[in-house]
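K.L.:
The listed protein sequences derive, respectively, from chains H and F. All residue numbers for the first sequence refer to our numbering, where the first residue is 1 and numbers rise by one. All residue numbers for the second sequence refer to our numbering, where the first residue is 1 and numbers rise by one.
The set of hints was computed from the structure by calculation and includes no laboratory data. It cannot be assumed that every hint is accurate.
[As the list claims (entries may be wrong)] Straight line, CA to CA, 25 Å or less: simulated BS3-like cross-link-like pairs of lysine-lysine: (1) H:16 - F:385; (2) H:14 - F:122; (3) F:167 - H:17; (4) F:173 - H:16; (5) F:167 - F:69; (6) F:167 - F:23; (7) F:173 - H:6; (8) F:23 - H:17; (9) F:167 - H:6; (10) F:390 - F:356; (11) H:6 - F:108.
[To be verified] Sample of chain F residues with no beta-carbon within 12 Å of chain H, all distances over it, derived: (12) 60; (13) 72; (14) 79; (15) 96; (16) 350; (17) 370; (18) 381; (19) 415; (20) 537.
Only a predicted model underlies this, so the values are computations on that prediction, with no experimental measurement involved. Note that CB positions come from ideal geometry on N, CA and C, so glycine has one too.
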Amino acid sequence: MWELAKEFLQFLRKEKKWWLAPLIFILLLLGALIVFTSGSVLAPLMYPFL
Amino acid sequence: MKAILGISAFYHDSAAALVVAGKVVAAAQEERFSRRKNDESFPVQAIAFCLKWAAISPQELSAVVFYEKPIQKFTRTLETFLSIAPRGLRSFLNVLPNWLGERLNMRKTIREFLPELSPQCKILFLEHHQSHAASAFLASPFESSAILTVDGVGEWATSTIGKGEGKHFQLLKEIRFPHSVGLLYSAFTAYCGFRVNSGEYKLMGLAPYGTPRFEKAIREQLVDIRADGSIRLNLDYFDFLASRRMTHPRLHKLLGAEPRKPDSHIEDFYADVAASIQKVTEDILLRMARHAREVTLSPNLCMAGGVALNCVANGRILREAGFENFWIQPAAGDAGAALGAALAGWYELEPEAERKPAGQDAMSGALLGPEFSESEIAQTLSEHKAVYEKLDDTALFTRVTELLDAGNVIGWLQGRMEFGPRALGNRSILGDARSPKMQSLLNLKIKFRESFRPFAPIVLHEKVSDHFQMSQESPYMLLVCQVKKASPPQRMALSHSPLLRNHSPLPAVTHVDGSARVQTVNQTTHPRLHRLLSEFEWRTGCPVLINTSFNVRGEPVVCTPDDAYRCFINTQMDYLVLGNYLLKRTGQPHSRLTPTFQPQPD
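Chain H on its own, in the form it takes in the complex (with noise of 0.2 Å):
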């Protein structure tokens, strides 16, 4: 997750795309919330918002 992170700061710097850099952020965030609760029990309130 970290190197997507780092790919993606890269990404926004040469294509000097800052300002898609908060909502990048939240969606990674969801990602990562996404990978880190399935097969949990927390999977079936995740899904819905998405």
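For this one, chain H is given, so just place chain F on it according to the hints.
P.N.:
Coordinates of chain F only, in the frame set by chain H:
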């Protein structure tokens, strides 16, 4: 010895290709193994086949190259949504879990699917159109060439013009999303009731039945076409940004009818729509190709991307764009991008490697898939308790020639399976092209598909100009030309019987406009098919046969002898040839077998 695996996945037609020591040794689409047409899932079975074929374990791979850049594609999806929000929210939320689940963190996904990869194995990403360009140029027979890639959309690019020299290539110009020739054609595919990303070739086949009476409206209202072939779509008429629906009600109003419902009767109106968009598309592609020549000053052109499967447009590029040589990647769609990614990865990781095509392409006739030994075929036949004869080559070719001459339809499985959408003679259904009944017989009783759809001819390479207005090789069935001695092109409504529509010496492979999608067969890449055609010519004076893919509607092309036997039993094919085994339909113990495929709407 470096081995590089290329992968395309998660959109449509996922595939894997393996390059070892600079040579493409194996490539296959996942659909052929999963038996789900256009399967987009991670190509686990295709990868397993490629590695098994080369006797390589995943630990030995030097690199895995993915055919596009997920981060760029994801941000394009995000930016597109933001530009039209709150419209498109539902569509965005539909795709988001997929992105956040496995598509975005592709390194992790690849390592999860291939846990045996060594930590040193590099995982690389190439842009979508660079992968197409690599599949076009690095696999081409040219030392240097102009490159044209055209499809729906990759990250942002929808079409590119590039130039290749030696082992290097560079993309020089691009058209960016949402302005896309591929999406324009797909929108009309959906409008005419066919499935996007798979039914485009039906639209192309339907076009000659119509009159392009909407061409003016399309040019004036829907798409601004510039002299260099670049386009701008009028997005008021399209809905692909906000939903899965491709066209907007404004377009339906402009054309004067609602979209056709899938599988409903095809009225002449939709043939006119097909003719109109086909004509506009040909014009755009021709302009792009001419511009590529002006930009690169190259006498050679190579092409890839899904739109490069539009063989009618390809025929016009060949004749009218001014290039001396023209080569099209046989797996021009996204499956072929896996092969491009692997080749590009090879030249990236082997800086000393040289590329010397010497006039030969790198595709080995596109015969890059699995093959089955005699004992494997015998095992399958035994499992089904099938009734068969085993013949030596001399007896087999004589017998099959006689059967074809007598009007029989024959399933033909030989050697390695083809890579790409076309069956090129190793997983084919063959018939007599001279028979006026053969087209409707094959469509309705064997392929179970629409009666308007044409079939393609295979012809001995050395005899092509005797029967078709073409003199060069067309080994991948990607060029359309006129049939010699066919009646002049005519407009004929769909409602007319196919039997009445042309007077041609090869009626079963002549489309309503007198054209045919020709595959030339040479002895080097297709020795057995060449021999069959030669013997058929010796017997009948005609070196041409029908070649259509060995499958039924909604089914991927058969892969194994078992797939072939089931398809043979479940259709009205007369004979089946598996290697040197000949099976007659009427002698078999089954009248029906459970199909192994999951039928997909097409």
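K.L.:
None of the hints should be skipped; say for each whether it holds.
P.N.:
Results of checking the hints against the structure:
1. H:16 - F:385: Roughly 66 Å between the alpha carbons, so the hint for residue 16 (chain H) and residue 385 (chain F) is violated.
2. H:14 - F:122: OK: residue 14 (chain H) and residue 122 (chain F) at ~22 Å, within 25 Å.
3. F:167 - H:17: violated, 33 Å
4. F:173 - H:16: Roughly 21 Å between the alpha carbons, so the hint for residue 173 (chain F) and residue 16 (chain H) holds.
5. F:167 - F:69: holds, 22 Å
6. F:167 - F:23: Between residue 167 (chain F) and residue 23 (chain F) the Cα gap is close to 13 Å, so the pair holds against 25 Å.
7. F:173 - H:6: Violated, at about 29 Å.
8. F:23 - H:17: violated, 39 Å
9. F:167 - H:6: violated, 31 Å
10. F:390 - F:356: violated, 42 Å
11. H:6 - F:108: Holds. Residue 6 (chain H) to residue 108 (chain F) sits at ~14 Å (cutoff 25 Å).
12. 60: holds, 24 Å
13. 72: The claim breaks: residue 72 (chain F) does not keep its Cβ more than 12 Å from every Cβ of chain H (closest is about 7 Å).
14. 79: Non-interface label on residue 79 (chain F) violated, nearest chain H Cβ at 7 Å vs cutoff 12 Å.
15. 96: Contrary to the label, residue 96 (chain F) does not stay out of reach of chain H, its closest Cβ about 5 Å off (not over 12 Å).
16. 350: The claim stands: residue 350 (chain F) keeps its Cβ more than 12 Å from every Cβ of chain H (closest is about 25 Å).
17. 370: Non-interface label on residue 370 (chain F) holds, nearest chain H Cβ at 35 Å vs cutoff 12 Å.
18. 381: Label holds. Min Cβ-Cβ 45 Å, cutoff 12 Å.
19. 415: holds, 43 Å
20. 537: holds, 58 Å
Of the numbered hints given earlier, the model fails hints 1, 3, 7, 8, 9, 10, 13, 14 and 15; all others are met.
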